[in-house]
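A.B. asks: Each chain, letter by letter, is given below.
There are 2 protein chains.
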Amino acid sequence: METISQSELLNIAVEKFSQLPGIGKKTALRLVLDILKRDENFVFSFAQSITNLKENIKYCKHCGNLSDQEVCPICQNTSRDQTTICIVENIRDVMAIEQAQRYQGVYHVLGGLISPIDGIGPNDLNIAQLIERIETGQVSEIIFALSANMEGDTTCFYLSKILKGRDIKISTIARGVAFGGDLEFTDEVTLIRSIENRQPYNG
Amino acid sequence: METISQSELLNIAVEKFSQLPGIGKKTALRLVLDILKRDENFVFSFAQSITNLKENIKYCKHCGNLSDQEVCPICQNTSRDQTTICIVENIRDVMAIEQAQRYQGVYHVLGGLISPIDGIGPNDLNIAQLIERIETGQVSEIIFALSANMEGDTTCFYLSKILKGRDIKISTIARGVAFGGDLEFTDEVTLIRSIENRQPYNG
Chain A
0 METISQSELL NIAVEKFSQL PGIGKKTALR LVLDILKRDE NFVFSFAQSI
50 TNLKENIKYC KHCGNLSDQE VCPICQNTSR DQTTICIVEN IRDVMAIEQA
100 QRYQGVYHVL GGLISPIDGI GPNDLNIAQL IERIETGQVS EIIFALSANM
150 EGDTTCFYLS KILKGRDIKI STIARGVAFG GDLEFTDEVT LIRSIENRQP
200 YNG
Chain B
0 METISQSELL NIAVEKFSQL PGIGKKTALR LVLDILKRDE NFVFSFAQSI
50 TNLKENIKYC KHCGNLSDQE VCPICQNTSR DQTTICIVEN IRDVMAIEQA
100 QRYQGVYHVL GGLISPIDGI GPNDLNIAQL IERIETGQVS EIIFALSANM
150 EGDTTCFYLS KILKGRDIKI STIARGVAFG GDLEFTDEVT LIRSIENRQP
200 YNG
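Protein chains in written order, with numbering that gives the first Met the number 0: chain A, 0 to 202; chain B, 0 to 202.
For the record, the hints were derived by calculation from the structure and aren't laboratory data.
A portion of the hints provided could be inaccurate.
If chains are identical, the list can't say which one is meant, so a pair holds when it fits in one copy or spans any two.
[As the list claims (entries may be wrong)] Below, computed lysine-lysine pairings styled on PhoX-like, alpha-carbon distance capped at 25 Å:
no.: 1; residue 1: Lys-36; residue 2: Lys-24
no.: 2; residue 1: Lys-15; residue 2: Lys-36
no.: 3; residue 1: Lys-57; residue 2: Lys-24
no.: 4; residue 1: Lys-15; residue 2: Lys-163
no.: 5; residue 1: Lys-25; residue 2: Lys-57
no.: 6; residue 1: Lys-25; residue 2: Lys-15
no.: 7; residue 1: Lys-160; residue 2: Lys-25
no.: 8; residue 1: Lys-60; residue 2: Lys-36
no.: 9; residue 1: Lys-160; residue 2: Lys-60
no.: 10; residue 1: Lys-15; residue 2: Lys-57
no.: 11; residue 1: Lys-25; residue 2: Lys-163
no.: 12; residue 1: Lys-163; residue 2: Lys-57
no.: 13; residue 1: Lys-160; residue 2: Lys-57
no.: 14; residue 1: Lys-168; residue 2: Lys-36
no.: 15; residue 1: Lys-53; residue 2: Lys-163
no.: 16; residue 1: Lys-168; residue 2: Lys-60
no.: 17; residue 1: Lys-36; residue 2: Lys-160
no.: 18; residue 1: Lys-24; residue 2: Lys-160
no.: 19; residue 1: Lys-36; residue 2: Lys-57
no.: 20; residue 1: Lys-25; residue 2: Lys-168
Computed from a predicted model, the values in this text were never measured in an experiment.
Isolated chain A (complex conformation) (with noise of 0.2 Å):
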């Protein structure tokens, strides 16, 4: 370990910051040091909130979505719409989401998407839990919000074909030119895709 501060103590903190994504050795060090000057309230329950990570969060039995229950608020909340699911790839999805504060059904994080490539099958995702949540029969419509990618079409393509022969609506979120976008600044692929999907003006 790079000698640092004559406190091996000090060093460790600053090694095991400086994994974290995006933070060098100097920020660190800097963050170490903030650190040190705090009183011991701020600095026991900042690593109690970090040993609570590991050790207290769960992930939904129902849904995947991060929770510190068995079941998460959302699958919990009665007055929210648990026969509409919204499939997600992780649990920052649901977050973006959720602040929009629009969104009235349920989620199923799925943990990712299927990518040949990088070895990643439906055996690797959330999958057998969705069908479950299906075969209950309480399900009536499934809407699909993954990235219109290669690895996101293959997702939705699988999942339609688990899912075809059931009385169940599928969907896929809307793509085309953001709200407050400006033309010239999007993408063709989008640009043109947005024309090929034009919906009817209702003025």
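We have chain A; now place chain B onto it with these hints.
C.D. replies: Okay, now just chain B, sitting in the frame of chain A:
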């Protein structure tokens, strides 16, 4: 607390991280999600390293430097010149000088500079301990390595008055144009002072 995720524990960890300097909410979330993916080993030793900062790091009772023991490795090191004390503002300065691996004396960390504007007087600094070290009669040279600003100058002046009348050599680190530094990019004060304080040329 802002709702970022359905996991309150995750939100707390993000909140704690975002209290560190230069870490915003988005960066904090990125760090926390990264930690979530790490193995237990890393997470627990990371949390422990933070707790250690508060529980087990001490300040050397001689020089005020950070140390895992009562006396820091530099003050314990008998192969270093224990009669030459370099006076610095803080532990970062010790790190900087030690990084250069040339200075063979020891240090004294003041923990700040005298600054009437900020309400910092001599009693707020680690000066009593310095006097105690000097009274042992085992100090032959004091080197001021303080910032070249009003606070640094005030502190130098104050300490030099205390040291007056003792058989101790007092010096201050050289100021001037940096080695490898371009004259044209050196600030005016440094440039003029470096001409005034010119040294005999030894070819």
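A.B. asks: When no copy is specified for Lys-24 and Lys-160, does a C-alpha distance of 25 Å or less occur within a copy, between copies, both, or neither?
C.D. replies: Neither: 49 Å inside a copy, 40 Å across copies.
A.B. asks: Check Lys-36 against Lys-24 for me: Cα-Cα at most 25 Å, and say if that holds within a copy, between copies, both or neither.
C.D. replies: both (19 Å within a copy, 21 Å between copies)
A.B. asks: At most 25 Å between C-alpha atoms: does Lys-53 with Lys-163 qualify within a copy, between copies, both, or neither?
C.D. replies: neither (38 Å within a copy, 59 Å between copies)
A.B. asks: Please sort Lys-25 with Lys-168 into within, between, both or neither, judging by C-alpha distance up to 25 Å.
C.D. replies: neither (53 Å within a copy, 35 Å between copies)
A.B. asks: If the cutoff is 25 Å on CA atoms, where do Lys-160 and Lys-57 land: within, between, both or neither? Let me know, please.
C.D. replies: Answer is neither; intra-copy 30 Å and inter-copy 63 Å both fail.
A.B. asks: When Cα atoms must be at most 25 Å apart, do Lys-60 and Lys-36 count as within-copy, between-copy, both, or neither?
C.D. replies: between (41 Å within a copy, 18 Å between copies)
A.B. asks: Evaluate Lys-57 and Lys-24 at a C-alpha cut-off of 25 Å and name the case that applies: within, between, both or neither.
C.D. replies: This pair counts as between: shortest inter-copy Cα distance 22 Å, intra-copy 32 Å.
A.B. asks: Cα distance capped at 25 Å. Does Lys-15 pair with Lys-163 within a copy, between copies, both, or neither?
C.D. replies: neither (49 Å within a copy, 46 Å between copies)
A.B. asks: State whether the alpha carbon distance between Lys-15 and Lys-57 is at most 25 Å within one copy, between copies, both, or neither.
C.D. replies: Classified as both; 24 Å inside a copy, 20 Å across copies.
A.B. asks: Pop the pair Lys-160 and Lys-25 into one bin, within, between, both or neither, using alpha-carbon distances up to 25 Å.
C.D. replies: Neither: 51 Å inside a copy, 37 Å across copies.
A.B. asks: If the cut is 25 Å between Cα atoms, do Lys-168 and Lys-60 qualify within a copy, between copies, both or neither?
C.D. replies: Close inside one copy (24 Å), not across copies (73 Å); limit 25 Å.
A.B. asks: Under a CA distance limit of 25 Å, which applies to Lys-15 and Lys-36: within one copy, between copies, both, or neither?
C.D. replies: both (18 Å within a copy, 15 Å between copies)
Hints 4, 7, 11, 12, 13, 14, 15, 17, 18 and 20 from the list above are not met by this structure, while the remaining hints are.
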